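Student: Heads up: the sequence lines are chains B and S, in that order. The first sequence maps to residues 1 to 396 in my numbering. The second sequence maps to residues 1 to 287 in my numbering.
In short, the hints are calculated from the structure, not lab data. Incorrect hints may appear among the rest.
Claimed, not checked - No more than 25 Å apart at the CA atoms, straight line, and that leaves these computed lysine to aspartate or glutamate pairs for DMTMM-like:
#, chain 1, residue 1, chain 2, residue 2
1, S, Lys-282, B, Glu-217
2, S, Lys-17, B, Glu-263
3, B, Lys-252, S, Glu-267
4, B, Lys-64, S, Glu-18
5, S, Lys-17, B, Glu-61
6, B, Lys-64, S, Asp-50
7, B, Lys-64, S, Glu-263
8, S, Lys-198, B, Glu-73
9, S, Lys-17, B, Glu-219
10, S, Lys-282, B, Glu-218
11, S, Lys-282, B, Asp-292
12, S, Lys-17, B, Asp-369
13, S, Lys-17, B, Glu-9
14, S, Lys-270, B, Glu-263
15, S, Lys-282, B, Asp-74
16, S, Lys-94, B, Glu-263
17, B, Lys-64, S, Glu-221
18, S, Lys-270, B, Glu-7
19, B, Lys-221, S, Asp-50
20, B, Lys-317, S, Asp-50
As the list claims (entries may be wrong) - On the chain B side, residues computed to face chain S include the following (Cβ under 8 Å):
#, residue
21, Val-11
22, Tyr-18
23, Ala-44
24, Ile-48
25, Thr-49
26, Ala-59
27, Pro-63
28, Phe-90
29, Phe-243
30, Thr-244
31, Thr-250
32, Lys-252
33, Glu-253
34, Tyr-365
What the hints assert, rightly or not - Restraint-style ranges between C-beta atoms, simulated for each label pair:
#, chain 1, residue 1, chain 2, residue 2, range
35, B, His-228, S, Asp-42, 50 to 60 Å
36, S, Arg-261, B, Gln-71, 54 to 64 Å
37, S, Asn-269, B, Asp-202, 23 to 33 Å
38, S, Asp-93, B, Glu-217, 48 to 58 Å
39, B, Asp-202, S, Val-12, 38 to 48 Å
40, B, Gln-71, S, Gln-139, 26 to 36 Å
None of these values were measured; they are calculated from a predicted model. Yeah, the Cβ is synthetic: ideal placement off N, Cα and C, and Gly gets one too.
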Amino acid sequence: MIIRGDEPEQVRLLRRLYPPGNYFMQGNEAVAYGALFAGCRFYAGYPITPSSEIAETMARELPKLHGYYLQMEDEIGSIAAMVGASWTGFKVMTATAGPGFSLMQENLGYAIMTETPLVLVDVQRSGPSTGQATKGAQGDFFQARWGTHGDHPVVALSPVSVEDAFWEAVRAFNIAEKLRTPVVVLFDGVLAHTREQIKIPDVSEVEITYRKLPTTEEEAKLPFGDPHGDGVPPMPLFGHGYFTHVTGSTHKENGLRDVYTPEVHDRLVRRIHRKIEKNREVYESYEEHFTDDAEILVVSWGVSARPALGAVLRARKEGIKAGLFVPKTVHPFPARRMKELSGKVRAVLVPEMNLGQVILEVQRYVNDDVILKGVNKIGGVPLTVDEILREIRGVA
Amino acid sequence: MAVKIYSRYDKVRYLRKEALPTALCPGCGGGTVLNAFANALDELKLDPRDLVVVSGIGCSAWIASPYFLADTLHTTHGRAIAFATGVKVGLPDKKVVVISGDGDLASIGGNHLLHAARRNIDITVILVNNFIYGMTGGQVAPTTPFGAITTTSPYRNIEHPLQISETVAATGASYVARWTTAHIYQLIASIKKALTVKGFSLVEVISQCPVQYGRRNRMKEPAQMLRWFLKNSVPVSKAKDMSPEELEGKFIIGEIMDRQRPEFTTELNKLIDEVQEHFGLKGEGDV
């Protein structure tokens, strides 16, 4: 039985189990509850710090909602099981951290190539390698983008608070379902273990979407076609007698492998790219603070956007015209807005918990006459308001 | 020509005609396995709409997909059983079958094989063991016999092969059998049994790769390899009285394991029911 999340029975259970109101919880728990509200009823994972509370919450709550929790033998098996379950109609999720995310890259590519909706939460931790296992970081920006081999598009979101984590988890599922694609949530070890107040909404306030299913026999025969012209083919799920063929090899619209015809590969991979590029309204999201008259623009993401906002507020009090731009969807980057904003400012600062990753993306949209500077911190301790303010003053 | 051959093959209704002829080399044991599986389906009168076939990477993975007319999931190297685990949890009432090779399932994917057997999830695995990485050009595998010549053990193989069936049986599978492509009727019977057993089942098929294995080991002709299988096959009943030295280079054939153990998806659904009951969550419709 497929569970979409919006059936009367599920609505009844969600209201009963999680009545609307204020809750006090960790970022990791908020991600899990967001997933449950979005209709996720299958989770496969492998324990890893600092993501484990997501698995623990799912293991505890999913059975109450008729959902399935599987602890797999490793991260590779986790994402594999998710893909299998997604083809049976489940909304699926896993959570991991840097080392596990590295292990999942091959099958993340498989999910992109086979257009399998899934949500992969990477609770970023300090690396490389085992690094500071319990400490947060923002070092996986490019791993999310280019971690798997070959030409491919990726959608990645990055929440900025505990409450935001709930809603970004919901949004991740909706994007995955609408575009039939994997979505990465770049969370981090700091927010994952931060406890804050969050408002759990009534289920009616949460948008729940479900993937397009074939409406005719003809559509079902083309699991990788483009019958609606939006680049997103309906998904002929397993178990309905469609005889769907799914392969990570280059395939024709009917799913059968053809690795010898250049045009087949070109058509498939370009459509998968077009599907993401042309549906920007489905996923593009950013926040702006004081950008109207800003002369100094701070661009920050995830956990670093919080002290960045604090620094901008303090700078404003000092009479410095600073503004803040926070991409919430970090891949694809909100390029057009970034370009518009950078055209109006003297300096752009990019605070992040790494040695300079998002700044390389920002650089593509900033003219040479604008000062561009990173505010970088590693070691597992988040940036502070003072550290960012000091840099703002430095270019003021 | 090919179309003509397949038009005379009465099990062709289980296959995707548009994907034929197969890409398997002449003399490959893969065709025998394909035929055995099709016959097992036919004898069980299994509706292909109730079947999901999952495979990994390599020659033997091609037996399953794209050739079988069912929902087919052709996955990444080594991971077929993990993908199949997700499929089975989503579709507990369907038959989920993995067909793939020794390198795929027992080397790179060995961990998933062991843990699926441990969970005793109701998946049937048909593991085609041809002792070699065929598709990539005949490299040594963890199943290659001691002393054999391959493209990456050009002098001789100094490692001893993994006994797949015995390992999987020890890990917790409900049903394990090993046959060779020279034991076609026994093979069909075991596949049928594996498909009906509730729990994890493995049918290991010792299969010939005359192109990549045989010709480098003085068995250029497929028939030579089949004769080698027959000459060295020892039934389970006889093998239990033989020493490890006597069994070196032999193929133990027959049913290695046949037992009842709790099955994973059944237990998982039972657990969900218990949780619903415990927290008093059952709706009026459920009672």
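Student: Run every hint past the structure and note whether it holds.
Tutor: These are the hints, each one checked on the structure:
Annotation: proposed proximity of Lys-282(S) to Glu-217(B) is violated, straight-line Cα distance about 37 Å (limit 25 Å). Proximity of Lys-17(S) to Glu-263(B) is assessed by CA-CA distance (about 23 Å); at most 25 Å being required, the pair is judged to hold. Of the supplied pair hints, the one linking Lys-252(B) and Glu-267(S) is violated, its CA atoms being roughly 39 Å apart against a limit of 25 Å. Between the alpha carbons of Lys-64(B) and Glu-18(S) the distance comes to roughly 45 Å, so the proposed pair goes past 25 Å and is violated.
This hinted pair does not check out: Lys-17(S) and Glu-61(B) have alpha carbons roughly 46 Å apart, beyond 25 Å. Note on Lys-64(B) and Asp-50(S): the hinted pairing is violated, with a Cα-Cα distance of about 28 Å set against a maximum of 25 Å. Under the criterion of a C-alpha separation no larger than 25 Å, the hint pairing Lys-64(B) with Glu-263(S) is consistent with the structure, at around 21 Å. At roughly 22 Å between alpha-carbon atoms, Lys-198(S) and Glu-73(B) fall within 25 Å of each other, so this suggested pair holds.
Of the supplied pair hints, the one linking Lys-17(S) and Glu-219(B) holds, its CA atoms being roughly 20 Å apart against a limit of 25 Å. Between the alpha carbons of Lys-282(S) and Glu-218(B) the distance comes to roughly 40 Å, so the proposed pair goes past 25 Å and is violated. Only pairs whose Cα atoms come within 25 Å are accepted, and Lys-282(S) paired with Asp-292(B) is rejected, the gap being roughly 54 Å. Only pairs whose Cα atoms come within 25 Å are accepted, and Lys-17(S) paired with Asp-369(B) is rejected, the gap being roughly 63 Å.
Simply put, Lys-17(S) and Glu-9(B) have alpha-carbon atoms about 43 Å apart, too far for the 25 Å limit, and the pair is violated. For the hint pairing Lys-270(S) with Glu-263(B), the CA-to-CA distance comes to about 50 Å; that exceeds 25 Å, so the pair is violated. Between the alpha carbons of Lys-282(S) and Asp-74(B) the distance comes to roughly 33 Å, so the proposed pair goes past 25 Å and is violated. Under the criterion of a C-alpha separation no larger than 25 Å, the hint pairing Lys-94(S) with Glu-263(B) is inconsistent with the structure, at around 36 Å.
For the proposed pair Lys-64(B) and Glu-221(S), the alpha carbon gap of about 59 Å is over 25 Å, so the pair is violated. In summary, the hint linking Lys-270(S) to Glu-7(B) is supported, as the alpha carbons are separated by about 22 Å, within the 25 Å threshold. In summary, the hint linking Lys-221(B) to Asp-50(S) is supported, as the alpha carbons are separated by about 18 Å, within the 25 Å threshold. Note on Lys-317(B) and Asp-50(S): the hinted pairing is violated, with a Cα-Cα distance of about 68 Å set against a maximum of 25 Å.
A cut of 8 Å between beta carbons decides the hint on Val-11(B): the least distance to chain S is about 11 Å, and the hint is violated. Hint status for Tyr-18(B) relative to chain S: violated, with the closest Cβ pair at about 12 Å, above 8 Å. For Ala-44(B), the interface hint holds, since its Cβ comes within 8 Å of a Cβ in chain S; the closest pair sits about 7 Å apart. Interface hint status for Ile-48(B): violated, as the beta-carbon distance to the closest one in chain S is roughly 16 Å, over 8 Å.
Interface restraint check: Thr-49(B) against chain S, minimum CB-CB distance 21 Å, threshold 8 Å, status violated. Look at Ala-59(B): its Cβ only gets to about 11 Å from chain S, farther than 8 Å, so that hint breaks. Taking 8 Å as the C-beta cut-off, the interface hint given for Pro-63(B) holds, the closest approach to chain S being about 4 Å. Contact between Phe-90(B) and chain S, as hinted, is supported at the beta carbon level, the nearest pair being about 5 Å apart and thus within 8 Å.
The closest approach between the C-beta of Phe-243(B) and any C-beta of chain S is roughly 5 Å, which is under the 8 Å cut-off, so the hint is satisfied. The beta carbon of Thr-244(B) is positioned within 8 Å of a beta carbon in chain S (closest approach about 5 Å), and the interface hint is therefore held. Residue-level restraint check for Thr-250(B) is violated (minimum Cβ-Cβ distance to chain S is 12 Å; threshold 8 Å). At its closest, the beta carbon of Lys-252(B) sits 10 Å from a beta carbon of chain S; the interface hint therefore is violated under the 8 Å criterion.
Interface hint at Glu-253(B): violated, since its Cβ lies 13 Å from the closest Cβ of chain S, which is beyond the 8 Å cut-off. The interface hint given for Tyr-365(B) is violated, since its Cβ lies 35 Å from the closest Cβ of chain S, which is over the 8 Å cut-off. Evaluation of the 50 to 60 Å hint for His-228(B) and Asp-42(S) yields a failure: the beta carbon distance comes to about 39 Å. Separated by about 19 Å at the C-beta atoms, Arg-261(S) and Gln-71(B) break the suggested range of 54 to 64 Å.
Checked against the hint of 23 to 33 Å, the C-beta distance between Asn-269(S) and Asp-202(B) comes to roughly 29 Å, which is consistent with it. Distance hint check: the CB atoms of Asp-93(S) and Glu-217(B) are about 23 Å apart, inconsistent with the given range 48 to 58 Å. Between Asp-202(B) and Val-12(S) the CB atoms are about 56 Å apart, so this pair departs from the stated range of 38 to 48 Å. Range check, Gln-71(B) to Gln-139(S): about 34 Å between beta-carbon atoms, so the 26 to 36 Å window is met.
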